[in-house]
Structure formats: C-alpha cells, structure tokens
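Q: So the chains spell out like this:
Number of protein chains: 2
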Amino acid sequence: MLYSKLLGRTTKTVSSEEESINAQFLIRGGFINKQMAGVYNYLPLGLKVLTKIQNIVREEMLAVGANEILMPALTQEESYKTTGRDAMDVLFHTEGPGGSKYVLNPTHEEIVTPLVQKYVFSYHDLPLGTFQIQNKYRNEPRAKSGILRGREFNMKDLYSFHTDEESLNEYYEMIKEAYFKIYSRLGLGDLTVLTYASGGAFSRYSHEFQTLCTVGEDTVYLCEKCKVGINKEIIAEQTTCPQCGNVDLVEKNGIEVGNIFKLRTRFSDAFNFKYLDDQGKEQKVEMGCYGIGPSRIMGTLVEVFHDQKGIIWPESVAPFKYHLLVLGKEDEVFAKANEVYTAMKKNGAEVLFDDRRNISAGEKFADADLLGLPIRLVISKKSIEKQSVEVKKRNSDQSELEPIENYL
Amino acid sequence: MLYSKLLGRTTKTVSSEEESINAQFLIRGGFINKQMAGVYNYLPLGLKVLTKIQNIVREEMLAVGANEILMPALTQEESYKTTGRDAMDVLFHTEGPGGSKYVLNPTHEEIVTPLVQKYVFSYHDLPLGTFQIQNKYRNEPRAKSGILRGREFNMKDLYSFHTDEESLNEYYEMIKEAYFKIYSRLGLGDLTVLTYASGGAFSRYSHEFQTLCTVGEDTVYLCEKCKVGINKEIIAEQTTCPQCGNVDLVEKNGIEVGNIFKLRTRFSDAFNFKYLDDQGKEQKVEMGCYGIGPSRIMGTLVEVFHDQKGIIWPESVAPFKYHLLVLGKEDEVFAKANEVYTAMKKNGAEVLFDDRRNISAGEKFADADLLGLPIRLVISKKSIEKQSVEVKKRNSDQSELEPIENYL
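As they're listed, the protein sequences go chains A and B. Residue numbering for the first sequence is 1 to 408, as defined by the numbering used here. Residue numbering for the second sequence is 1001 to 1408, as defined by the numbering used here.
It is possible that some hints are incorrect.
Selected chain A positions facing chain B (in silico; Cβ < 7 Å) [claimed, not checked]:
| no. | residue |
| --- | --- |
| 1 | 9 |
| 2 | 10 |
| 3 | 44 |
| 4 | 69 |
| 5 | 71 |
| 6 | 76 |
| 7 | 89 |
| 8 | 92 |
Calculated directly from the structure, the hints in this document are not laboratory data. These figures come from a predicted structure and were not determined experimentally. Each residue gets a CB set at the ideal place from its N, CA and C atoms; glycine is no exception.
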C-alpha cells in the first residue's frame, strides 16, 4: 500500500478530551477517528488491525468446532421482558413502525437461546457451540477509555448448549484453553492471567482474562506462583489462591480482555428450552457464554505495547509487517525504493510504502514510530551505494544493513 | 463440514407470514431465521453465502484502489440536522446518556463527508474513494420481502471525492464497470441491466442496476438492443432509450441490486468541505456514492435461481461447492464416504457431508435440492461396487458415474 493513497493521516495533536493512551495514539496515527464519545470510525489502518484480531479469534472458535452465525443488533424489547432484563440501564431503546418497541442488543442471550431452541430437540443435537462477531451497543454513562469501553463496540460471543453440567464443565475448560491460545497469538499471552470473578446466582465463579497493565480499570489479586488472579469484587469471600491456597497475593491492575461464564439454566429456563434425553424425557438445557471484544483487544494492545514515540504492534495483528521509507529526493532513489516495493508485494509481503516526496526524513521516522509496524526498511542514496537496505525492528534500537537483493 | 454438526436444519414448512420466495427457501433450508419483520439471523450456511458475496464486492472495490473503512451505526442526530435530513421517516432514533439524541444510520453521507474532510486538504489528496461493508438500519413501514428489503440489512457503500465534475464522471464510469464485473462474478451478469433513474436536484440521472425478474418491485422500460433500462419514475420525461434513441421499449420487472449517484456538492456544501486547488484557492469538493447490498443480493440470487425443489446457487457464492450424500445404512458405505470426505477436505474442496444415519435417501435428496449446492456426490453400495461416485449438478437432471479415485 502506498502511504500517499491511504485515507488517514498522522496528526501531531489530538483533542484534549481523549484521556486514554489507546485513543491518543490510534487517532494520532490515523487508525481511528472519533464520531462521538464511545463511538469511533475505523480508518483503513485500524480496520486492518481489527480484522486481523477478529480472524485470530474466529480461527480458534472454528478450531473447537463452533458454528459461526450472525445475529441482528435490532431486536424486539419483548425478548428482554421474557428474561426480566428489559430494565437494564445500558439498553438503547428505539421504536419501529406503529410504535413497536425495539432495543439494540448489548449481548445476545435473548436472541441466541430461542434461535438454537428452534433446531435442538434431543440429546443427539448436543453439545453445540455457536458464536458471532458483530457490533454491540451499551448506553455507557461514561465513555472515556477510547476503544476499551465504547457505546458501540465489536464483540465475539460464543454460546454453548449442553445436556448436563458435566458437558458444560468440559466445554468450559476447552474454551479456557482456546482463549489462552488466542491471547498467545495476539502477543498478550505472558501478560494475561485467568481471574476468578463472581459467578452470579447459578455458579460459584465466572472467569475473566485480565491483561495486567497499570492503567487497567480492574483490580486483581495475583498469585504469582499459579499466575491466577482474584477479582477485587470477590476478594472478601475468596482470600486465597483458589488453585494452591497461597495467601500471599499481589494487588495489580488489569484490563478485562475476555470473560467466560456458566449461565447454567438462567436463559433456557426463561425460554423454556428443553431437550429429550435418551429416555425420551424432557430435560433442561445447560448453557455457557464466552466473550472477547476485538475492539477492546485492539485498545489493550496499544495500552500495553507502546513507548513515548508510538505504538509497537505485535506482528500477528500489525496492519502491515514492513514500513518502507525512502530518504532524499533523488529520482533514482525513489525508483529503487519503488522496485523494492513492487518486488516485495509480488512476493506477498505486507508492506506500507511511505512514498511521500515533500516530507523530511525526521517526519518520516517519527510517523514510522507512531504507526508501529514491526520492521522498518530505509532506502537512501547511502544504502543504495552499499547495495543494501537499512533494517530496524520497531522494538529495538539497533538497525543493520542487509543486502538489497534479499528484498528483490 | 458435517451436516450433523451444523446449526440450522431444513424444515418442510415456513410461517405463512413469509410471502417471498427468498425468505421461504432460505428459512426452509436453514440459511436464515426470522427475528422479527425485516430482521433476520444468519445461520452458518447463510453467513457463508453472505460472506462470499461481501468478499466479491470487496475485491472489486479494492481493485479500483478504494480504501476500506468501518463507520458506526450509532451517530449523533445533529449530523442529520446539518444536512437537513433529520426528518427522514426511515430514521431510527434513540437516546444516549443525558438525553443526547442519536440515530441509526440508514446510509453514511453524514458520517463519511466530515470524516474524509479531516484528511483531505488539497488537490493532491484527490480523487479519493472509500467504502465500507456494514449493517444499516431503515425504519421501513412494510417489510415483507424477506432479505430483499430489511429494517436491518447489509450494505456496501462507496463514496468518492473529487476536484471537479470531470474527475467525478471518470470515476463514475470506472465504478459502473466494476459493478458489471461484480454482477458477472455473482452469476447475475446476463440478467442485470443499467437503468436510468432520477438524479435529484444535482444531476440529470442516477443509475440503478436492475436484475430482471418477474417478482421485482420496480418497473423498468428496457431497450433490448442496448440492454439499458429506464426506471418508470422518469419514463414521462425520458421516453426513448438514452443510448440509441430506440422508442420500442419493453416493460419489465426488476430488483434494484445496486445504484450509483452523483451527489455533486450536496453534502460537501452542507459540511463546507473544500480543498485548495493548484493556485491555493478554495474549491468545492465533488462527491459520488455507489451502493450494493450484499443481503439483498443474496435474496435476489434465490428469487432468480431456484426451481420448485429449492435453491440453485451459483458456484461463486454457494456455501459449499459439493454436497456429499451417503445412501444406505451399512458401516462400510459410511466408511468409504468418510474416506472421500476426508480426502476432499484435505485437497481443499468445500464439501458438506450429509452424515446422518437415520434419514431416508428420499429426504437426503430433497434436502440437497433445497440447499442447492452446485454439485451433488452420492456414495452408495452400488456406486462402491463400480468403484465410482454418482455426480449430479444441481442445475442438471443428468447424473453420471465418475471414478471414485478422482475424489480420493
């Protein structure tokens, strides 16, 4: 991609309303732009990152055999009356023709439960997992954390359906592992810990995945031996590590990057969703739900991986792997850079070519640091004289010369 | 994919509310499920079709150099006051914290214009095209056409920005061609005609792409020589073929599967979006917009490609290319079918394997016809004796035996 053809420029400053690091760098870099508090536009660079995160999440959900579906944002309010959740304060309400009452879904239990009920009749049809990746809506009173907490945000939600608690428990453990694979592929594996949190009325615990980070809104008590946390909300009841009994817990801040929850029969009861067991008897369906927010993950990555100059994207989600810069104004230098760019693209490399002519070397370097692509390649008169390219990783201070033929 | 693991079963009947062919077949086949009038869930088979359509549209938009972005559904009502469109009757309204007024976007001129304005300053930055593929919302008084006309529906909208009318005209012609490529890849090329429609206050005409189909809601007067139509809405002013002057026009029904529109300065004026020309003087930005609805395309394909038994998907958008059926109950027949399934998957073929054991041959054939995958493969005791597979195309009555080794 040619930088000159990309919609979204770097800017030096950002509105003082933006308190969060993620919003500041993402807006300054031209990844996103604010529509209003808690609602953002994704420019081409930002959409590439978001799509890569979604694809990693999708691949791991398909790998455990879950079915991908797509549910609507708009739904009849009635569905929330059925579960008694119509008074939730985060619901956005709207009206359809003839004053019919709709809401914008903040989550999809009210949609997925009766949907799956239409296709599941007997124990032969279970267990079943189904997920979707789509935008959700929450009427947040405060939306000051950039894309960490939005009024419109992107979510992957997986729902699972089971004959009994044992099947639910097995599935739950399988998804726990799938989640760790996801965080590992996103570059967050080492920083992310399983955290025990409140389970509500139907289960003892739910689990969150907390990425440890000083700006995290959540407080977690960490067992450093087990790499397991306890959310502050349950620390009064659970004062020791649930895995090893360790009492020596360390207070940390975390960003919740995922949560998994045994819903048990909370929603199947509401919709009277039952199945026939092998004796032909009706039984209650057990359910679990498992969330990860790709847009929140994107914000978290920026909070965790940046320095004063800008973002440092993990390679798995970087919008491009290479940032090709050309220094100087000579036509032959531009021609050589263009040759390298064309060859790299032909070889299938993901490369952003800063082809701007009237921009100083200093500005180009500053923009490259701000955008945070993993590998910076510089072509200049000097490097061409040595038949080489200057190569520098974004997360390193050292650059080195490599033969230009490696890139041709 | 194993049919037994797929969420979404075939059903023999469908609610009598569903008047349209597309909704009937898509619901009966387990592609979609109705949430409420004009709002549908996409089950795995349906989501696969939708995604393939989106990808064809996306590829052709990227091929003309357009930037993909993602804009929100939720937007401040104020943006529509700026353009005087806040009284549009299709707007869904909702309220945010403190009674702030939001709408759900039915289209995105009010969002994209000020967004692009932030990054475009001079003639160097133009022309520029940017598109998104996302769900849009229209408070339709009537929603009886399945996924042809929804209250929540999927749209690709491309917007282009130009220094002058000449540049807009050139771009417009380029997109016209890109649209024909899209319809051709979707299997709709032969049935889809460019149709002249009202241009509004700023242009003489806009253009629609109408797929000729007896159930189409639109009336088109077709010049059979030029394969060009005139929408009934302008036939009083435009009584002859605009291309050859032919007066012998034939009345047809059509489904509008795309429309392109020269917005000129309608929205750039409202947002005072100007650029600096090569003399450093401020000039008005010219705009165009270009829509295609992937969900409507999906519905159109069903309206156009079906018979009494079910859907006949074009290969480019079929959820799977092959439908593998196994007849009989013998374990060795199932084992052979499973071997073929595994080999085909390994070779990268898209194959749906109907692995159900307690279903009759007749029901399996009926389901295959309903689902409409391009190629049906049948493995039975008989076919195995002849070391062959029975192969039948969905759009043909003839089946033939092929050596089973071709599929191993």
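Q: Now, for every hint given, state plainly whether the structure supports it.
A: Hint by hint, here is what the structure shows:
A hinted interface residue such as residue 9 of chain A counts as satisfied when its beta carbon comes closer than 7 Å to some beta carbon of chain B; here the least separation is about 5 Å, so the hint holds. Hint status for residue 10 of chain A relative to chain B: violated, with the closest Cβ pair at about 10 Å, above 7 Å. Given hint, residue 44 of chain A at the interface with chain B, holds; its Cβ is 5 Å from that chain's nearest Cβ, closer than 7 Å. Nearest Cβ of chain B to the Cβ of residue 69 of chain A: about 6 Å, under the 7 Å cut. The hint holds.
With a cut of 7 Å, the hint placing residue 71 of chain A at the interface with chain B holds, because the nearest CB-to-CB distance is about 5 Å. The beta carbon of residue 76 of chain A is positioned within 7 Å of a beta carbon in chain B (closest approach about 5 Å), and the interface hint is therefore held. Taking 7 Å as the C-beta cut-off, the interface hint given for residue 89 of chain A is violated, the closest approach to chain B being about 10 Å. For residue 92 of chain A, the shortest C-beta to C-beta distance to chain B is roughly 5 Å, which falls under 7 Å, so the interface hint holds.
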